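**Student:** In case you want the letters, here they are:
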Amino acid sequence: MKKIEAIIKPFKLDEVKDALGEIGIEGMTVSEVKGFGRQKGHTEIYRGSEYTVDFLPKIKIELVVTDQQLTKAVEAISKAAKTGKIGDGKIFVSSVEQAVRIRTEEKGESAV
Amino acid sequence: MKKIEAIIKPFKLDEVKDALGEIGIEGMTVSEVKGFGRQKGHTEIYRGSEYTVDFLPKIKIELVVTDQQLTKAVEAISKAAKTGKIGDGKIFVSSVEQAVRIRTEEKGESAV
Amino acid sequence: MKKIEAIIKPFKLDEVKDALGEIGIEGMTVSEVKGFGRQKGHTEIYRGSEYTVDFLPKIKIELVVTDQQLTKAVEAISKAAKTGKIGDGKIFVSSVEQAVRIRTEEKGESAV
Amino acid sequence: MKTYLLTIALITTIALGALPLRADTATNLPAPTVEQRLSALEAYINNGDPTGALPKDTNGNLTITAPTTVGVPGPGHNAWQMTSAALVLFMTLPGLALFYGGLVRRKNILSVMAQCLLITGLVTILWWLCGYSLVFHSGGKFLGGLGFAFLNNVTSAPNTDYSYWVSHNVFSMYQLMFAIITPALILGAIAERMKFSAIFLFMTLWMFVVYFPQAHMIWGIDGFMNGVWNAKAGIKAIDFAGGTVVHMTSGWSALILCIILGKRIGFGRENMAPHSMVLCMIGTGMLWVGWYGFNAGSAVGADVIAANAFMTTTLATAVASFVWPMMEWLVRGKPSVLGFCSGAVAGLVVITPACGFVTATGAVIIGVAAGLIPWFFCYKVKSWFGYDDALDTFGVHAIGGTIGAFLTGCLARNAANANLATNLKTQVTDSFFQPLVLEQLKAIGLTLVLAIVGTTVIAFIVKAIVGLRPSEEVEVAGLDLADHGEEGYHQAG
Amino acid sequence: MKTYLLTIALITTIALGALPLRADTATNLPAPTVEQRLSALEAYINNGDPTGALPKDTNGNLTITAPTTVGVPGPGHNAWQMTSAALVLFMTLPGLALFYGGLVRRKNILSVMAQCLLITGLVTILWWLCGYSLVFHSGGKFLGGLGFAFLNNVTSAPNTDYSYWVSHNVFSMYQLMFAIITPALILGAIAERMKFSAIFLFMTLWMFVVYFPQAHMIWGIDGFMNGVWNAKAGIKAIDFAGGTVVHMTSGWSALILCIILGKRIGFGRENMAPHSMVLCMIGTGMLWVGWYGFNAGSAVGADVIAANAFMTTTLATAVASFVWPMMEWLVRGKPSVLGFCSGAVAGLVVITPACGFVTATGAVIIGVAAGLIPWFFCYKVKSWFGYDDALDTFGVHAIGGTIGAFLTGCLARNAANANLATNLKTQVTDSFFQPLVLEQLKAIGLTLVLAIVGTTVIAFIVKAIVGLRPSEEVEVAGLDLADHGEEGYHQAG
Amino acid sequence: MKTYLLTIALITTIALGALPLRADTATNLPAPTVEQRLSALEAYINNGDPTGALPKDTNGNLTITAPTTVGVPGPGHNAWQMTSAALVLFMTLPGLALFYGGLVRRKNILSVMAQCLLITGLVTILWWLCGYSLVFHSGGKFLGGLGFAFLNNVTSAPNTDYSYWVSHNVFSMYQLMFAIITPALILGAIAERMKFSAIFLFMTLWMFVVYFPQAHMIWGIDGFMNGVWNAKAGIKAIDFAGGTVVHMTSGWSALILCIILGKRIGFGRENMAPHSMVLCMIGTGMLWVGWYGFNAGSAVGADVIAANAFMTTTLATAVASFVWPMMEWLVRGKPSVLGFCSGAVAGLVVITPACGFVTATGAVIIGVAAGLIPWFFCYKVKSWFGYDDALDTFGVHAIGGTIGAFLTGCLARNAANANLATNLKTQVTDSFFQPLVLEQLKAIGLTLVLAIVGTTVIAFIVKAIVGLRPSEEVEVAGLDLADHGEEGYHQAG
Ligand SMILES: Nc1ncnc2c1ncn2[C@@H]1O[C@H](COP(=O)(O)OP(=O)(O)O)[C@@H](O)[C@H]1O
Ligand SMILES: Nc1ncnc2c1ncn2[C@@H]1O[C@H](COP(=O)(O)OP(=O)(O)O)[C@@H](O)[C@H]1O
Ligand SMILES: Nc1ncnc2c1ncn2[C@@H]1O[C@H](COP(=O)(O)OP(=O)(O)O)[C@@H](O)[C@H]1O
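Protein chains in written order, with the working numbering: chain A, 0 to 111; chain B, 0 to 111; chain C, 0 to 111; chain D, 75 to 567; chain E, 75 to 567; chain F, 75 to 567.
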């Protein structure tokens, strides 16, 4: 099993979710994160004080997939999340050794 | 060392924490996430507009444990987090290569 | 490629970011988490009711680096985040198999 | 809009029409003399009877044509009464909704707001139908008649049973605002765990069984406990702005209902900390400001009594808002914002029945009592007994209202309110244990019985018909989504 | 500050100076008799003309020295008018800013607030320059003259064209608050997607093209549609507190502008749920409370008409706030907080033109209509047509204002407002389809044309000069950062 | 409660008792004539002396029985004063608490609220003890006597030193609200880093050392700088609603205290952006609305001067709220919500001393100055000097108050306030550099010295006794948890 972590632009979440749904993936976990990278942040000014906000709001999607699903999933995400503009984000893949579905105590790929 | 990531129902957090405490695990990191899976979301209506909220609030627990603690920890979580109803969540296990305790610069298992 | 996850004290974020910048690392993802460990929480009292808050606000930094950058990056973080007081946090390192830059579809180390 | 024809209009529509007093006698009577017109006008300043010095026949009818300033509202008094009514509404929307809403968990914030809004609409409709009439029309000792049903006969002319210079329709709306906030106070005890439909039914019944009778008994011109104005009152009690009517009824009903309802799931185990002390504090500020309408407005006129009530309300509230957190500081090491807020509200509650009857010194004493006793109840007594009065409606309103009713008996002074000399000469002797105290105790007893028995009966009826609590699943997920299909806050987007 | 010399001061500065009426005649005229002074004083109570019973020459000038109570404001009326003006400002800042701000997405909350604040400053400056004058100075049927430009001649003495007892400067500030909230209402339809500079330009032009003419026509003493006070009005319409002037103009303009502007990016696809129903509900409470200044304040004096407006406003609003969520409960299974809030605002909108003219029964009927019809528009009609009226300004204000104008025609009753007998004797016959209805329909038509044509023209001018919408990137990122360089909320720190 | 016996009651308790003037002479004197009664009544309309036209002996005692309208409050004036007092409290609770609270970081929001609440309770108690007396009882030039300690002799009858028609107890509560908000303003400069116990002690001392003397000097009937009413004033300055008393004292004290205190940990390095511009904007709206009570209420009566103050306050505030963000737009490319809010507050501050003395034109000039100068101080000057005035109390209140005091000297006009002709005939010549300007400069100087010296001394005393700052750990973690054991917001649950 593989874990895919994708950092994307927030307004792309729905499209990514749908793209994953189309290839049969219907489990994922999402969180709000702040990203720092090439995309420039913005400056906020409050009376005399300027604050540079380097961290931009991003969405992190985490999903564990079977080895076969991996390529299709990465492609689906990367296609749906792309705008072609700086700051589109990254996808990272790593290995997962075990998975458990708490409700049923199933283990392994069937738990995903 | 292994990293355990558990996605659980929010109101189960205290029970899981206590269960882990009982087996001697007292370090973990918790975040609020939104989960998407088989459990159905809900619909919100604001005047004429309906919004389907597919993403449900979940809690993600991350903890790094020594290899020996692994089985007990996974069991403790899975027992404490279980309600038997859909949406109870998942536990994923992966490998961690290195750990550092920032305060003391200890490395490896003793840092966990 | 390696993934570094660092749990640090919130007010240290800027220093850590700068320290990483100095060694040429300019991509990372940050999230607000709650940590549970040796550092004691606090008690809140509302009229007659006491609530013990065990979970303390922490910042989680995630960054994927090339194998060569790893040691320098871990050192930079651990130096910048250190106060010497309990609760300074942890750094965990694990392996990443693949990375994709969504915008360009670059893969591997160049995507990081 | 300017009122070109008002002078004429008033003579034709109001003076000749609405006021039966002069309706048939307006013609052919001698015109008022300058002296008579002047005395009618002077009465405006003192919020007195404009016909006080005018000649009347044995039936009390004027034997002269009424001056144009008789049977009409006075601008200063009407202005203050409209302002006061708006302020009392402000106490509920959004004051109380924020005070309570801040104290619940995030998932239930909207349920509190919806309940406050529901009560506002519901009680207004009941008030219009017959509620106002049952309280303020004369009728019996325990309930009024139906002469004002549908607000019939409730015009802009004053109802001299309650005020010489405030429009009857303004008075009725002012009193409506009290009828709205009273049941809304109950919501604090039962927050986070009562079905919306159950609240709907409960509140409807409660208004008829508890509020209307109690309000009539205390404030109705022929009410059983209206010691100030009803010479024939069975219990010669006094309650300036609603210590028994508002706070005791709601507070004691809240206790009963929350016991019948049972504790919230997870009570004592889960973290149920207020989701936003910020909202709670905003609500407190609004309650305090709005309460000037509640207390000083209860003089029904911008007169010397209103002025006194304004001062006593300020003193008692500020003192209590200081004492409560100081007790926390002493006992727990930290004065909390919730302590300041609770103290302020407790001060407002306890001074409510007393504000128009006590002096500055009395107000300060009341402030100290209000900071100590409800604090002790919320801090200690509640945990001894273990009932789940979620937001301390009992500790603050029931205890506060009861102390207030009692201390009003001890501290009412002729120097503060000359009306005490009318029907209560023998009760108010200006000593701490004056005879009035006994009357107040009787009133407290009767109010307690009404609230407790009434609520018990209603609660079981409601339980039988629609049930009281939502399913466990709904309660855990929060009432906002289940009952209203909405969430209080959305982060993203 | 105490006013030691006020009596003297008033005689010298105001009585002798400001009022041309008596300016040259004040000397050598006989002093007023006690009887005359008394009648001037009695007029205060009834908000009537203090010179009504005084002797005048054929030009209408007094033939006696004016009593000291002529040409000066009356305390009760002035107190109420100042309170009302403050309340109406409260409706915009922060009432409407919260009501609308809560309904947008997090990233646009500050843009709504900034727009409300901008309009407040901008409109005040226009008002001072010439806006007040164009509306309330006499001049033509469609627009007033410039005699009050820079608020010249607008002193603390009453302007008897509009009130006998309220200071002219207070009246001008009171009316300013209406001129502020009206364009601010438009913001609801175009929220989240219009450039700040475009709003600036649009609103400036709109005040001149739509608001000032409409307000003069309805409320100006010689206005074309001022049925109550202008005997020569072309259309004998009535609009107590601004159904056509405030709600129809803003609501219909909002529809046109939101259509010209186009839909928000992602409309119908993305989740655009209100980011904080809590703020929205707080705003609703403030709007309701402030609206008493709007409606009862429109009597310009704390008189019998204000009292009636206070009652009708309460009844209609509470009923509508009840009916709308009950319809939701029926149709969708859940009464929502937004339903309660929308119902309340709809009730307030629909009763606005009617409040000073209808009885309690009329108000309840209006409340029911206000709960049903705008609900149906927001719930159904909007989705049929598919325009993106972001926060339902059209559904609530345009539809509500139009229904209100119509129902005012049907339900205006002589019993509620004696002024209807002045110039509208033949229009108001106390039946549902009385002749007044036709006049109201004419006024509705003219208002519609003015709002629609005016807005269309202005919108295209603004589009040509500065453009209407921000870049897609800005819109997606949110207007707060792009237009104002700020974020509504910061978590960390 | 209706006031059946009020006419009688007033004669017995007040007319015969409370007012020494008539206490011993009430019997056996001839009754007032109709003409005399009428003139006493007419004085109500003009907020004048009801005994002005009545016959008196050489000691100033009436030689007739006082009419029933002498020595009693007037409803319209009392209504406005009570409304105003409530509005000024609203400015602090929750207005200022939100304005300031929104600008601090999340972890300190409750500390600001707790501090505002603490000051409210604390100052009320000091006021009751002796504060009111030290300010408003006659005594010396610099401090009053103790005749009103414990609010003794402060009844519902007017204190004719300050008002003919407003109840003395209402006046005392109204002035209390000023005494509350003034120290609370200081909180802005020292936010996020001063110990709660240190604030407690500092504020207690500061009231005695700075506020009570300053308020007495400016407003006390025999005050050293009371140019309007005290013919023997050493400095013939004017300050309508508190430019020196409220804003200069608090603003300059804030500067000194924040310098002595030192900067916040991380100042200039860490992100200290406001945690909620939304709360800040809500607070601004409330401040603006409440400020009508502050400014127009300072006329102590709903008279021509109040009316003028209402207008000038609106104009100056709206103009300043427009100018400040326009400067931002020009200089930085973006008008910010904080700019709009800061401009509004600056406008309110600068017009405060002037509002009752200037014309509409003067108000607009003041609005422009208020938008430019404090903006420049917050935007530029502050960063030049580098002190950590956390929320710009100095930039807005000290600078604003000082400009206001100066411009009041330049723009006070006889046409705006007839009282200027009493004791200031030679000072107010209706030109920009009239002699009054010099008096204002003297008052500015004396106020500066008092605030700066007073604050320095107190700050070092407090430092010695309890220390000023919390531990570094506490400051970093936030004051909410450390000082109050609470958090502002809870996400979960
Ligand atoms: N090395 C990295 N490790 C973890 N997250 C990264 C890394 N580099 C970039 N990111 C995440 O990806 C987001 C986009 O990166 P950025 O450099 O701005 O643009 P792009 O993806 O177009 O190269 C960042 O905001 C950050 O959240
Ligand atoms: N493949 C996956 N990868 C990551 N998270 C998952 C995956 N599948 C499910 N989850 C997480 O687990 C939660 C529960 O899953 P769900 O399918 O609703 O019920 P159950 O756990 O009972 O099968 C989801 O809300 C989501 O957060
Ligand atoms: N085993 C663990 N797995 C994951 N996170 C941990 C673990 N132990 C500690 N942490 C995180 O590190 C933070 C600091 O740990 P703590 O024990 O309080 O102090 P220290 O880092 O000084 O030993 C915790 O709040 C938690 O977020």
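What the hints contain is simulated information worked out from the structure, not anything from laboratory work.
Watch out, some of these pointers could steer you wrong.
What the hints assert, rightly or not - List of simulated lysine-lysine pairs, DSSO-like, C-alpha gap at most 27 Å:
| hint | chain 1 | residue 1 | chain 2 | residue 2 |
| --- | --- | --- | --- | --- |
| 1 | A | K84 | C | K2 |
| 2 | B | K106 | A | K81 |
| 3 | C | K84 | B | K106 |
| 4 | C | K106 | A | K2 |
| 5 | B | K2 | C | K106 |
| 6 | A | K71 | A | K2 |
| 7 | F | K408 | E | K337 |
| 8 | B | K16 | D | K337 |
| 9 | C | K81 | C | K2 |
| 10 | B | K2 | A | K106 |
| 11 | E | K456 | E | K537 |
| 12 | C | K106 | C | K71 |
| 13 | C | K106 | A | K59 |
| 14 | A | K78 | C | K2 |
Predicted model only: the values in this text are computed from it and were never measured.
**Student:** Tell me the numbers of any earlier hints that the structure contravenes, in ascending order.
**Tutor:** Hint 2 is the one this structure does not satisfy, whereas the remaining hints hold.
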